[in-house]
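Undergrad: Spelled out, the chains give:
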Amino acid sequence: MTGVFSLLPEGRPGLLVPAPGAAPGGSEDLARYLSVGGYAPLPAPDRLLDRIAEAGLRGRGGAGFPAAVKLRAVRDAPGGAVVVANGEEGEPGSVKDRWLLRHRPHVVLDGLRLAAAMTGAGRGCVYLSDTPAERAVRQALAERPPELPVDVVRTEHAYVAGEETAVVRRIDGGPALPTAKPPRPFESGVGGAPTLVANVETLARIALLHARPDAAGAVAGSHLVTLSGGGGRSGTGGAATLVEVPAGTHLKVLADLCRHGRSEAVLLGGLFGGLHGAGWTDLQLDHDRLRAAGGALGCGALHFLHPEDCPVSVATEATAYLAAQSARQCGVCVSGTGALARTLTAVAHGEADDDAADKLRRWSGQLPGRGACGLLDAAARIAATLLAHFPDRVDAHRRAACPACAGATPEDGRRFAVPVP
Amino acid sequence: MKLLLDSTRCQGYGLCQEPAPELIDLDEWGYAQVRATEVPRDGQDAALTAVAACPNSALRLVK
Chain A
1 MTGVFSLLPE GRPGLLVPAP GAAPGGSEDL ARYLSVGGYA PLPAPDRLLD RIAEAGLRGR
61 GGAGFPAAVK LRAVRDAPGG AVVVANGEEG EPGSVKDRWL LRHRPHVVLD GLRLAAAMTG
121 AGRGCVYLSD TPAERAVRQA LAERPPELPV DVVRTEHAYV AGEETAVVRR IDGGPALPTA
181 KPPRPFESGV GGAPTLVANV ETLARIALLH ARPDAAGAVA GSHLVTLSGG GGRSGTGGAA
241 TLVEVPAGTH LKVLADLCRH GRSEAVLLGG LFGGLHGAGW TDLQLDHDRL RAAGGALGCG
301 ALHFLHPEDC PVSVATEATA YLAAQSARQC GVCVSGTGAL ARTLTAVAHG EADDDAADKL
361 RRWSGQLPGR GACGLLDAAA RIAATLLAHF PDRVDAHRRA ACPACAGATP EDGRRFAVPV
421 P
Chain B
1001 MKLLLDSTRC QGYGLCQEPA PELIDLDEWG YAQVRATEVP RDGQDAALTA VAACPNSALR
1061 LVK
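Chains A and B supply the protein sequences, listed in that same order.
Each residue of the first sequence is one higher than the last, beginning at 1 in the working numbering.
Each residue of the second sequence is one higher than the last, beginning at 1001 in the working numbering.
Looking at chain A on its own, in the form it has when it is part of the complex (with noise of 0.2 Å):
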């Protein structure tokens, strides 16, 4: 199955999607986004402040960091606040941003004037790369004019142009590459000011706190997730289908929805979380379960592998990308990235020396955590759980060619990428 719908409990309507009411391929309007509660008043800002914190939000980009900690630090920064809505989707397997953004903008942009409130900002900006979002987003504010100032800031799609900082760069007319922090943009962001750059699916709950405190445990408790499955021999990323499930949910189930229950792999939070062999089905989908079991749910989005697909293949194009990809701005992110790449090209060839192995995991132990930002953490798991899933396959390489990694390595993350349904 591919489209757009929900899974969350029969009774309660999908949260997010699909959208109430809009033709397919149209966004939903101001007049249908008013008659489910839209942009009702806020009298009292801490109240809404203290409900987010209640029901456990936590952001939507990837950390996965509480959200009302976010916006009290933004709030009881010193000086005049700015809210960014940051619809820049840098990971190739994830859609749910830019189709949140095409199709219901007006439920990010009444989360945006809600952060508002919360923090006292002056100003707003939603930022992204994606032609058909900025048409919807820019239609919206026509319609409903905001109440504070709000800037459409346009990047070019790259993995690390929606990192937190990058963001605050471009936004500020620099390049959109991440910064050293601190500081964070909290406490320093665009043009000085303390910022919440917040993950349009995080705005969008904020949004549903609002008009719907009966279903607080659930709008806090689902994710939009993004699945989709290796082409297999033609190494593409296939179909995406975007759903709206409960967290905790079993991988299995969101395998078996599009087809792909009989994977022997998934690569998790789109590039971020990591390969997962063996056992893989008995995943839940949680920011914690995923971290203990040396994974990442990261932005929500869910790649199996096909049957025809090698990991060994799988990690090796997975980290090209994310070198190629590099903002060549740190060092050891060049050398590090790089290095990961090359050695596991040589593995996916049976080229590789013997220390091969030793050096991946050396390095992906020695790398998390260098960069100024998380490109190279993604590298530097992908071959760590590459090695500790499928330590025999990668040993395997050296004896015999493996016709799924024949051929060149792909740089241009074609394998992971989906288009917005």
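One or more of the hints may lead you astray.
27 Å max Cα-Cα, derived DSSO-like pairs, lysine-lysine [as the list claims (entries may be wrong)]:
#, chain 1, residue 1, chain 2, residue 2
1, B, Lys1002, B, Lys1063
2, A, Lys181, B, Lys1063
3, B, Lys1002, A, Lys181
These are calculated hints, taken from the structure and not from any lab test.
Got chain A sorted already, so can you dock chain B onto it with the hints?
TA: Okay, now just chain B, sitting in the frame of chain A:
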């Protein structure tokens, strides 16, 4: 005090490591790696020397 490395500035000169071997490692490509961000009281002079040694101001010592 905390010893912070801006990895976008580290060019791998390696000059920081000699005065502060207990605080800084160099990896196999020559880039600095801070062993522990929290600098012990008796390591603060070494940390300051390492900060001053970087030609590209990649290290900072902050409260």
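Undergrad: Please verify whether B:Lys1002 and B:Lys1063 have alpha carbons no more than 27 Å apart.
TA: 6 Å, holds
Undergrad: Are the Cα positions of A:Lys181 and B:Lys1063 separated by 27 Å at most?
TA: 15 Å, holds
Undergrad: Check the hint pairing B:Lys1002 with A:Lys181 against an upper bound of 27 Å on the C-alpha distance.
TA: 13 Å, holds
The structure meets every hint from the earlier list without exception.
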